[in-house]
Amino acid sequence: MVIKRKELDDGLVLLKEKLIEMGSRVEQSLSDAMQALQDVDADRARAIIAEDKKLNQLEESIDELGARMIATQQPVAKDLRRILIAFKMAGDLERMGDLSVDIAKVVVRLEGQKLIKPLIDLPRMAEIAGQMIHESIDSYVHENVNLACKMAQDDDQVDALFSEVIRDLFELMIENPSTITQAGLISFVGRYIERIADHATNIGESVVYLVTGKRPELNM
Amino acid sequence: MHQEGLSAKNLRVFYGEKEAIKGVSLDFAPREVTALIGPSGCGKSTFLRSLNRMNDTIDGVRTTGEIWMDGENINDPGVDVVLLRQKIGMVWQRPNPFHKSIYENIAFGPRYHGVRNKKELDAIVEDCLRKAALWDETKDRLHQSALALSGGQQQRLCIARSIAVKPKVILMDEPASALDPVSTAKVEELISELKQEYSIVIVTHNMHQAARVSDKTAFFYMGKVVEYDVTDKIFTNPSEKATDDYISGRFG
Numbered sequence: 001m002v003i004k005r006k007e008l009d010d011g012l013v014l015l016k017e018k019l020i021e022m023g024s025r026v027e028q029s030l031s032d033a034m035q036a037l038q039d040v041d042a043d044r045a046r047a048i049i050a051e052d053k054k055l056n057q058l059e060e061s062i063d064e065l066g067a068r069m070i071a072t073q074q075p076v077a078k079d080l081r082r083i084l085i086a087f088k089m090a091g092d093l094e095r096m097g098d099l100s101v102d103i104a105k106v107v108v109r110l111e112g113q114k115l116i117k118p119l120i121d122l123p124r125m126a127e128i129a130g131q132m133i134h135e136s137i138d139s140y141v142h143e144n145v146n147l148a149c150k151m152a153q154d155d156d157q158v159d160a161l162f163s164e165v166i167r168d169l170f171e172l173m174i175e176n177p178s179t180i181t182q183a184g185l186i187s188f189v190g191r192y193i194e195r196i197a198d199h200a201t202n203i204g205e206s207v208v209y210l211v212t213g214k215r216p217e218l219n220m
Numbered sequence: 001m002h003q004e005g006l007s008a009k010n011l012r013v014f015y016g017e018k019e020a021i022k023g024v025s026l027d028f029a030p031r032e033v034t035a036l037i038g039p040s041g042c043g044k045s046t047f048l049r050s051l052n053r054m055n056d057t058i059d060g061v062r063t064t065g066e067i068w069m070d071g072e073n074i075n076d077p078g079v080d081v082v083l084l085r086q087k088i089g090m091v092w093q094r095p096n097p098f099h100k101s102i103y104e105n106i107a108f109g110p111r112y113h114g115v116r117n118k119k120e121l122d123a124i125v126e127d128c129l130r131k132a133a134l135w136d137e138t139k140d141r142l143h144q145s146a147l148a149l150s151g152g153q154q155q156r157l158c159i160a161r162s163i164a165v166k167p168k169v170i171l172m173d174e175p176a177s178a179l180d181p182v183s184t185a186k187v188e189e190l191i192s193e194l195k196q197e198y199s200i201v202i203v204t205h206n207m208h209q210a211a212r213v214s215d216k217t218a219f220f221y222m223g224k225v226v227e228y229d230v231t232d233k234i235f236t237n238p239s240e241k242a243t244d245d246y247i248s249g250r251f252g
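Protein chains in written order, with the working numbering: chain A, 1 to 220; chain B, 1 to 252.
A few of these clues could be false.
Each computed DSS-like pair below joins lysine-lysine, with the alpha-carbon atoms no more than 25 angstroms apart [as the list claims (entries may be wrong)]:
| id | chain 1 | residue 1 | chain 2 | residue 2 |
| --- | --- | --- | --- | --- |
| 1 | B | K9 | A | K214 |
| 2 | B | K166 | A | K214 |
| 3 | B | K224 | B | K186 |
| 4 | B | K87 | B | K18 |
| 5 | B | K22 | B | K224 |
| 6 | B | K131 | B | K195 |
| 7 | A | K53 | A | K4 |
| 8 | B | K241 | A | K16 |
| 9 | A | K16 | A | K4 |
| 10 | B | K119 | B | K87 |
| 11 | B | K241 | A | K6 |
| 12 | B | K195 | B | K168 |
| 13 | A | K88 | B | K233 |
| 14 | A | K4 | B | K168 |
I should point out that these hints are in silico values taken from the structure, not numbers from a laboratory.
Source: prediction; values computed, not measured.
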């Protein structure tokens, strides 16, 4: 006989909706931050920083909802794993939001300056990282282990691009020391994007754990 | 060739024509608690009762297969069921103390099995009541009726009574389902104490109780064991979807 557990199921659906919302906000925040960087648009950057509050609230509400469900519904097995990964995913997404804010803060520091070079690899990195955010959430929604594991390869691409970005910036700084301050800031942006990709990879790991109960290591 | 402890091999139990247990094989390790879970009518209680041949007392029940206990197949016709039930004791869902004093409830079994010396009986009574965490509550009224005890105390008395005859295995059929939460917690604590010395096989409808008290869990469904594994594994990552659905309360 099949039994409905409405309270528990409703809670799990709500958790999922909140995580999807966090994912789309983070994706937007990263893409806005990169646009703001390319345009050196400090106002837009400030708006991104202000928006981050909502992500923090969502993370808190996921923590509270998950804790309440554990206390009142005694979930086990896959239900329990769903809640455990919701905590972890919310943490990863919140950190990604913070990293987008860090990019926006760089833009605020650059206010009034012209970029020392046209950005090519950095937007490419951000594009892959953004796609990783999207696909990691997709893999969660559809419990798609293959897509979740693909994060590892995408992450390698981001890491490789990051190395290029750093090498280019070093060359620039050696050629023209007056670029050092800005090149330093831009290399931080590269670092932030690289970290975002790591967190997306963590989400891939969470999805594999949800579906299989095993903990993979995708962040190599 | 058979290991220490209790072990069922291809056990089948029929109520008339109906096959209630359809070829179950399970090994119970010494000093471990095994929980048998499953929806009503899945056969878990029938299986439990077959482990000390309690089903013999029901008309029309036929059992095939083997149950090994210390190198002996307890289903052999020559087995003395009284001795068997001394080795494999049972605690029921409803506390069922004898209509006698607390002392006599414990002393009954050992006396039946030949202990006559008063001092020895006194020592057994105290030891069993201590093991059942009931001594402090009853030492001043050992000769009062056991029926004056609370339900939780009566159940712990029944557990004390079951260990008085020095069993190796204790079977428990929903031992806490008629008890309040505090008494339940005491019985559960007692189970973890007792497993230092005995194997315990417990049937429970309370999933969380199974998760709390047992080392291994067997999920029964329609007379078969669907999954048998370490309890931590069953409750975090069961291999079978049916197990997951059942313990999650989505099916049963």
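Hint check:
1. Restraint check for B/K9 and A/K214: not satisfied, since their Cα atoms lie roughly 32 angstroms apart, outside the 25 angstroms limit.
2. Simply put, B/K166 and A/K214 have alpha-carbon atoms about 43 angstroms apart, too far for the 25 angstroms limit, and the pair is violated.
3. Between B/K224 and B/K186 the CA atoms are separated by roughly 31 angstroms; this puts the pair beyond 25 angstroms, and the hint is violated.
4. The suggested pairing of B/K87 with B/K18 is violated, with an alpha-carbon distance near 30 angstroms, which exceeds 25 angstroms.
5. Restraint check for B/K22 and B/K224: satisfied, since their Cα atoms lie roughly 6 angstroms apart, inside the 25 angstroms limit.
6. A distance of roughly 11 angstroms separates the Cα atoms of B/K131 and B/K195; the hinted pair therefore holds under the 25 angstroms criterion.
7. The hinted pair formed by A/K53 and A/K4 fails the criterion: a straight-line CA distance of about 36 angstroms is larger than 25 angstroms.
8. At roughly 21 angstroms between alpha-carbon atoms, B/K241 and A/K16 fall within 25 angstroms of each other, so this suggested pair holds.
9. Annotation: proposed proximity of A/K16 to A/K4 holds, straight-line Cα distance about 18 angstroms (limit 25 angstroms).
10. This hinted pair checks out: B/K119 and B/K87 have alpha carbons roughly 23 angstroms apart, not beyond 25 angstroms.
11. Taking the CA atoms of B/K241 and A/K6, the gap is about 19 angstroms. The hint holds against a cut of 25 angstroms.
12. Simply put, B/K195 and B/K168 have alpha-carbon atoms about 10 angstroms apart, close enough for the 25 angstroms limit, and the pair holds.
13. Taking the CA atoms of A/K88 and B/K233, the gap is near 21 angstroms; set against the 25 angstroms cutoff, the hint holds.
14. Restraint check: the Cα-Cα separation between A/K4 and B/K168 comes to about 41 angstroms, which exceeds 25 angstroms; the hinted pair is violated.
Figure legend: structure checked against the earlier numbered hints; hints not met, in rising order: 1, 2, 3, 4, 7 and 14.
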